[in-house]
Structures are given as structure tokens and as C-alpha cells.
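Chemist: Those protein sequence lines, which keep their order, are chains R and X. Residues in the first sequence are numbered consecutively from 4, following our numbering. Residues in the second sequence are numbered consecutively from 108, following our numbering.
Be a bit skeptical, because a hint or two may be false.
[Said to hold, decoys possible] Derived BS3-like pairs: lysine-lysine, alpha-carbon spacing no greater than 30 Å straight-line:
#  : chain 1 : residue 1 : chain 2 : residue 2
1  : R       : Lys622    : X       : Lys279
2  : R       : Lys591    : X       : Lys207
3  : R       : Lys414    : R       : Lys520
4  : R       : Lys217    : R       : Lys295
5  : R       : Lys16     : X       : Lys306
6  : R       : Lys265    : R       : Lys219
7  : R       : Lys16     : X       : Lys311
8  : R       : Lys244    : R       : Lys271
9  : X       : Lys306    : R       : Lys265
10 : R       : Lys595    : X       : Lys137
11 : R       : Lys572    : X       : Lys207
12 : R       : Lys271    : X       : Lys234
13 : X       : Lys137    : R       : Lys622
14 : R       : Lys265    : X       : Lys137
15 : R       : Lys616    : X       : Lys207
16 : R       : Lys311    : R       : Lys295
17 : X       : Lys306    : X       : Lys279
18 : R       : Lys594    : X       : Lys164
19 : R       : Lys265    : X       : Lys164
20 : X       : Lys279    : R       : Lys269
21 : X       : Lys164    : R       : Lys414
22 : R       : Lys346    : X       : Lys244
23 : X       : Lys244    : X       : Lys311
24 : R       : Lys346    : R       : Lys271
25 : X       : Lys244    : R       : Lys594
26 : X       : Lys244    : X       : Lys306
27 : X       : Lys306    : R       : Lys591
28 : R       : Lys16     : X       : Lys244
29 : X       : Lys164    : R       : Lys595
30 : R       : Lys244    : X       : Lys164
31 : X       : Lys232    : X       : Lys279
[As the list claims (entries may be wrong)] With the Cβ distance kept under 7 Å, some of the chain R side facing chain X (calculated, not the full set):
#  : residue
32 : Gly255
33 : Val363
34 : Pro370
[Unchecked claim] Partial pick of chain X residues on the chain R-facing surface, computed with a CB cut under 7 Å:
#  : residue
35 : Arg142
36 : Ser155
37 : Tyr167
38 : Asp212
39 : Glu224
40 : Glu248
No wet-lab data here; the hints were simulated from the structure. Backbone N, C-alpha and C fix where the C-beta goes; we use that ideal spot for every residue, glycine too.
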Amino acid sequence: MSFRSLANLSSGKYLLLGNEAIARGALEGGLGFAAAYPGTPSSEILEALISVRDLLGIYAEWSVNEKVAFEAAYGASLAGVNALTAMKHVGMNVAADPLMSSAYTGVEGALVIVTADDPSMHSSQNEQDNRWYGVHAYIPVFEPFDADEAKRMTKYVFEFSRRFKHPVILRTTTRVSHSRGVVELGPIPEVRVKGRFSKEDRFVTVPANARKNKIKLLEKWEAISGVVNEVPFNRVEGDGKALIIASGSAYGYVREALDYFKIGEKVKVLKIGTPVPLPKELLIEAAEDVDKILVVEELDSLVETSVKSVLHDSGIDAEVRGKDLIGYEFELNHSRVRRAVAKFLGLEYSAPQTVNRPAVEVPARIPIFCPGCPYRPLFFELRRLVNQEKIPYIASGDIGCYSLGYNPPYKMQDVIIEMGSSIGVGYGLSITTDDNVLAIIGDSTFYHAGLPPLVNAVWHRRPMVVIVLDNEVTAMTGHQPAPSSKDGGETHRIPIENVVSGLGVRFVEVIDPFDIKAVRETVKKALNYVKEFKEPAVIIARRRCALEVVRDLRRAGVEIVPYVVLEDKCVGCGICYDWFVCPAIMPKDNKKAWIDPELCVGCGACAQVCPTKAIIPLKTYDKEGVEKFWR
Amino acid sequence: MRYYHIMIAGVGGQGNLLLSRIIGDAALSKGLRVRLGETFGAAQRGGSVHSHVRIGKEVYGPLMLEDEADALLALEPLEGLRRGVQYLKEGGLAILNTRKVSSIDVNVGVAEYPSIEEIIESFRKLKARIVYHDFTKIAEEIGSPRLMNVVVLGVFAGIAERELPFTLEDLKTAIRGRVPQRWVELNLRAFDVGYEFSKNYIMK
Chain R
4 MSFRSLANLS
14 SGKYLLLGNE
24 AIARGALEGG
34 LGFAAAYPGT
44 PSSEILEALI
54 SVRDLLGIYA
64 EWSVNEKVAF
74 EAAYGASLAG
84 VNALTAMKHV
94 GMNVAADPLM
104 SSAYTGVEGA
114 LVIVTADDPS
124 MHSSQNEQDN
134 RWYGVHAYIP
144 VFEPFDADEA
154 KRMTKYVFEF
164 SRRFKHPVIL
174 RTTTRVSHSR
184 GVVELGPIPE
194 VRVKGRFSKE
204 DRFVTVPANA
214 RKNKIKLLEK
224 WEAISGVVNE
234 VPFNRVEGDG
244 KALIIASGSA
254 YGYVREALDY
264 FKIGEKVKVL
274 KIGTPVPLPK
284 ELLIEAAEDV
294 DKILVVEELD
304 SLVETSVKSV
314 LHDSGIDAEV
324 RGKDLIGYEF
334 ELNHSRVRRA
344 VAKFLGLEYS
354 APQTVNRPAV
364 EVPARIPIFC
374 PGCPYRPLFF
384 ELRRLVNQEK
394 IPYIASGDIG
404 CYSLGYNPPY
414 KMQDVIIEMG
424 SSIGVGYGLS
434 ITTDDNVLAI
444 IGDSTFYHAG
454 LPPLVNAVWH
464 RRPMVVIVLD
474 NEVTAMTGHQ
484 PAPSSKDGGE
494 THRIPIENVV
504 SGLGVRFVEV
514 IDPFDIKAVR
524 ETVKKALNYV
534 KEFKEPAVII
544 ARRRCALEVV
554 RDLRRAGVEI
564 VPYVVLEDKC
574 VGCGICYDWF
584 VCPAIMPKDN
594 KKAWIDPELC
604 VGCGACAQVC
614 PTKAIIPLKT
624 YDKEGVEKFW
634 R
Chain X
108 MRYYHIMIAG
118 VGGQGNLLLS
128 RIIGDAALSK
138 GLRVRLGETF
148 GAAQRGGSVH
158 SHVRIGKEVY
168 GPLMLEDEAD
178 ALLALEPLEG
188 LRRGVQYLKE
198 GGLAILNTRK
208 VSSIDVNVGV
218 AEYPSIEEII
228 ESFRKLKARI
238 VYHDFTKIAE
248 EIGSPRLMNV
258 VVLGVFAGIA
268 ERELPFTLED
278 LKTAIRGRVP
288 QRWVELNLRA
298 FDVGYEFSKN
308 YIMK
């Protein structure tokens, strides 16, 4: 049951991913335009919408970054078209500039901004709580607790946004975005992708207009703050002298905790779907006759703080507990919430201890480059080069699959903070240290946020080596296209070397990362160049993502011929399994290498690292024919 | 039955998520509440992946608790052990594929891959009912190692037939709905072979 196959249905219950439910809700809410940059755990929203783009006639695209996607959706909404943009939590930092002002100008068609937060940092560098952006920007924040509510809520916020001509933030967390639940479908209205832009002063934020906008914004905020009391996602359930307030995902954990303790009806629950602004009247009504309150929410104490403030202002004297029992860090889970509820209500609870200890050590399975990954030979050779020639270096890293180059044995990512930072942070380090700076960045990340710092480095003639790992796709988030991808139906490839040359970089070389000799020679040449000419050098290492290649080979019915180790030639030196480190290559008991034919994708990159030429293909095959798929 | 919890453990690329969706669809077809908690690691292939399948009247959250799984479908022995000790309840059912997928730590010699005997011994300590076999080999004999996940599903369906809240036919319908058309026949065969295997299996 693909998302696409449901496009023509207007009823029925299906098992949808939270993100698919959001996409479905958007369609049912009248979406005409969608734009996003991929980022876990948000990516499936646009993937779903793109899968029905042609079928339903909506507009949907992957944009170059979150700011541009936001601006595009904002522009669409100004023409009266209902628009959505989606991003991971840290993506909102990139889009924060237009986000803040969009509340001042307001919108015309709906503008729904989805932020998928990542508590516990399953795939992220921090676990910032993006509900604060709503407080910061005067934008209401809606927070669903499961897939079904996510669908109904998304549909609802399209209407809400239109009604107030105001942007709305829909905030999910990983477990909402990446869990499947039963969703009931509704009808999709006729799609409208064209509108009309009516020129109004509010859209031109020169100071004189901005001041007027601010006054209007505050009026609107007051109206919205009243209306949230009637939003169906905020409601009171049960009754009792103890009140539990559960925001977003916390609601599911709280409901199950009450079921577990069999006290479902004896405790009052205020379910919060709009943490920003909090439904004040509903809260006062619920809190008036209780003795104590527990606030359960994921990450920061946003609701708890607001609750305390509202109660203080209304003179309600109930004890408020929250983060003191739940804790701030990481995602919620059943044990955590049950423990907090038990303490709050004075119940007995001992969390299940995993009494079951294994009889043996369970070794960790650290993430590693896939078999055939073009990044592996490059990292292998970089490590070998700096080791053998004792080159003092700082590998300024970035966000993408290549972040895995941090792991041993490569250890070629010394600092990673955010998208595009490799060049910007490396720039600063190159001024303040005498080490050779190698900035390592992927193609999609380069276009996302790597251009301005490179402009800066060229402008200020900073000697540093930038290596762009160009696998022609945004691989880590699931192979979304990037400006570096081959021409698509409606997209045009922008070769990185053209852009870099256009910026005035004079050392630009495109290499094949599978050619480790070329990697070594080119990096050495670049290091000498930046020393001699005192300006940046850029190396573009281009080869397609192996997962895409293997998929294409299989689709085309081309046989994948694995490589094998010649037992008599292998001397068991371990270079291939200790330093090259492909998941397909393993040591045997006699230290000789063995290649698992099930895992080997026949890329052949390992053959050149073997000093005794013991690695060869299982049989002869059309190398040139296969090679075409890799380019 | 208030709840039925299934933990599916394996490495990326083994078809873990597909299995959880097939089971989810089967439960949904019986009008049951279902939650599937999917986990995604950083690496796309070869990383540790596990899925939570929760079925029951009062299921709201996506993840099960420790020691709550009625069944564990272990597509890879080490991953089965990792999730099994955390999630499988005492006396729970474990279907264990014994085909190892080595890890880098093991390859480079900083960790040791436990022997299958040690892994099974650990499950015995859990008082688990355990069915173990090289199911990848069975899948290869059917036509592709990639069918292993559905072989395991067939074995599970056979052993747990009486305790499951849905039927074999519900599972087969779900397979038809989830698997690309040209793979349907092979997958149904894999399911049947797994089912037959379970009927001839004597639990030790």
C-alpha cells in the first residue's frame, strides 16, 4: 500500500507513517504547493507529496535548503495558494530569518511549517525544542501525538492558517514522524496551484510598515490565543483531584500509564494540541478544582513554564510538577512516564529491569560506509597520506554520510557542527593554527550552505583545501535529488566545478575517489598549491552512491560479479579489513581475507589496496558496461 | 488479549521494516489498533535496525517496554540477542536466523562475535521458546537470500498460529499488498516454506 496508491481514495483505514499522515492531511486540507530540504525525521513528508505530484497536479519540490524552501512556500501562499514546507528541527535554524518576518506580514493562502524534532538525537547534532520558535515568532504551534491525529491536525491547520492569514507551525518528534498508526482517510478537495498576488503594504517590511505589522501581529495573537481554547485537539478527559497535562507525543505515554495503573477515570487529563499559545481558559477551568498538576512534555519545560505563569496570574494554588519528575534530556518512553506518574500520585512502580542478562558480551555495531561507497577509498587514502607523510592537518567535517569518516580507522572528521560548517569553521581554524585545513563536504551540503563560506575563503584568499564529495545525490536522508544530480525531467544539473571556477577558485580538480593514486596525488598537489599561492584549492571527488548504482544494476538486470580473495596470494596483512574496512571483507581464522559474496557489490575498489594483488573478480565481466552505472 | 508485542531485529537491508508493515496490515485487517515504531540508524546498509510492533486495545505509544515482547523475530543472531535481552519477555517466542552478519568491530578484532551456541544459551536463560536455523540458506534455496525475512515470518506464523490475533490468510493478503508484483509469488512461497518448516520443527 504505497502512499500514491491511496491518492484516489477518500475513505478507509490504512496504516500510515506519521509523516505520510501529515502529507495526507495536507492534501485533504487543500495543499497546492510544497517545498522542503530533506532531513531526518522529516523527509518522508515531501517524498509522499512528490509521489502524487503528477497524479494530483500539485506542485512539490526538493529545494536547495530550508530557507529557500520556506521562502518558496511563503511566496506561494502570498498568491493565495495553500502551501507547506517541512524540515528537521535544525533546518528551522536555517529558515529562521523568513520565519520570523512571515508572522509580521501574515500570509494569504495557508502556510504550514512542519518541524520534525529529534529528541534523543537519533540522527541529529542536537535536540533543540522547536516549540520555542512559536513563542519567539508569534506563530501558533500544533503538536500531534500519533499518526491519526497528525492527519486530522494537518488538515485542520490549513484551515486555521487561512482563517487567520497567519503561518502555523506543526511540530512532530521522531516517534510521531516515524511510527505507523491507523489513519482514516477523507476526501481530497480540488487542487488549486495558481492564485493571484494582491499588492499590499504589509508585505514590504520597510520600518514604517514593520511597525504597523507588529501592532497587527499582537492583535492577531490575542485573537489566536482565544480561539485555541476551542481547538478540538485541546481537551479535558476524566476527572479527579489530580491533573496531568500532556502535550503532543506525551499524551500517548500518559494514556498508557493510566491504563497500566488502572486509574484512567480517576485522574483528570488535559490533552494539549497547541502548546503555543496554551489554551488558557481551558487550563484554568481544568486546574481550578485540583490539588496538584503534573506536566508531561517531550524535551523543554515550555508548557510547564506557561502553566505556572497562567496559574500564578489567575491565583490558582495547585502544586505543579513536571521536569523535576520527568527530566529534560532525551525522548520520553513508557518507563519514564510511568515512574513520574507513580511518584506524582504516590503509587508503587518498579520499572522493568532487564533482568535478562546475556550469557555473552554483545558487541556494538557501529555505523559504517556501505559496501561500494565512493567515500571509503578516499578516506582510506587520506588517512594513509597524512600518516605516511606526517602531515599536520585538521579535517573540518560536515553533515552527511561522510560524517562516518569520524569513526576509526579513518578518523578524518575533527569538527562537525552543522550544514556547511566544514568550510566556515575550517576557515577560522586555518587562520588561527598552522595546520593544513582539509574541509570535507558533500555535494548536497555544499549547495545547501557551503557556498557563502567558500565565497568568503576565495574573497579573503585563505589557503585551505576543500574536498567536495560528490555522489550526485542527498544520500543519507534517502536519495533525494540535489543540484548536483543528473538532469531530471524538470531539473537542470549544476556541476560543482563550474560554480567553483566561477567564484574565482584557480585550483579546481575533478577526481574519481575510487582511483586512490589520483586521490593521493591531487591532495598533495592541492596542499602545495595553497601553501605557494595563498588561496583555496577545491577538489571534487565524483562517483555515484553505491546504493543507487546497485539498485540501477538490478533494475537493468546486469549481473553483479563479486570479488574474491586468492587464498594463495593473500598474506593476511589486514590492510583490506583493518584499514580499508568494507563490511563485505572479513578476516578468516588464519588472518587471510574473505569476501562475503552476499554483501560484495562488485565495485572492485578493494583490489587496488591489496599489496599482493590477491583480490580479483570472481569471473570476467563487462567492466566498462558496469562502470557506466557508477558514473 | 490486551496486547501482542513483536520485536523485529536485524541489520539494514534485511527487510525488517517490510515485515513490520506486513504484520501491521494483517492486524489492521482484523480491525485492531496497531502501532509500528520504526528505528533508523545512520548507515543505510549493515546498521542495526529494529522495529516495534504493538497490537492491542489500549495501544497509544509507538514503543514497547523492556521485557514486553511476546515474540522476537531475529533476522540476524547478534541483533536478535541485542534486542532479545532487552525486550523479550520471560517465556517469549524467539525465531532466530543463525546466519551471521559480521560487524566492523568484529572484523577489526576489537570485539568478538559470540558463537551461535552462546547466543542460544542466552535465550535459554530467558526461558525463551526458541526456533533457530539458517533461514538465509532456505531463502537461497527458494531463489534469493532476500526472501529470508518472509521465511522467518512463515516460521513465526506456524509456531504462533494459535496465539496470533490474525490468520495466515491475513498475513498472505498483507504480503500481496506490500511486495512488488513480480516478487509476490516468490514471497508467498517463502512464507509457505517457512510455515512448513515450523510444522516439522521440534523445539529443543
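Chemist: Give me the numbers of the hints this structure contradicts, sorted from smallest to largest.
Modeler: 1, 4, 5, 6, 7, 9, 10, 12, 13, 18, 20, 21, 22, 27, 28, 29, 31, 39, 40
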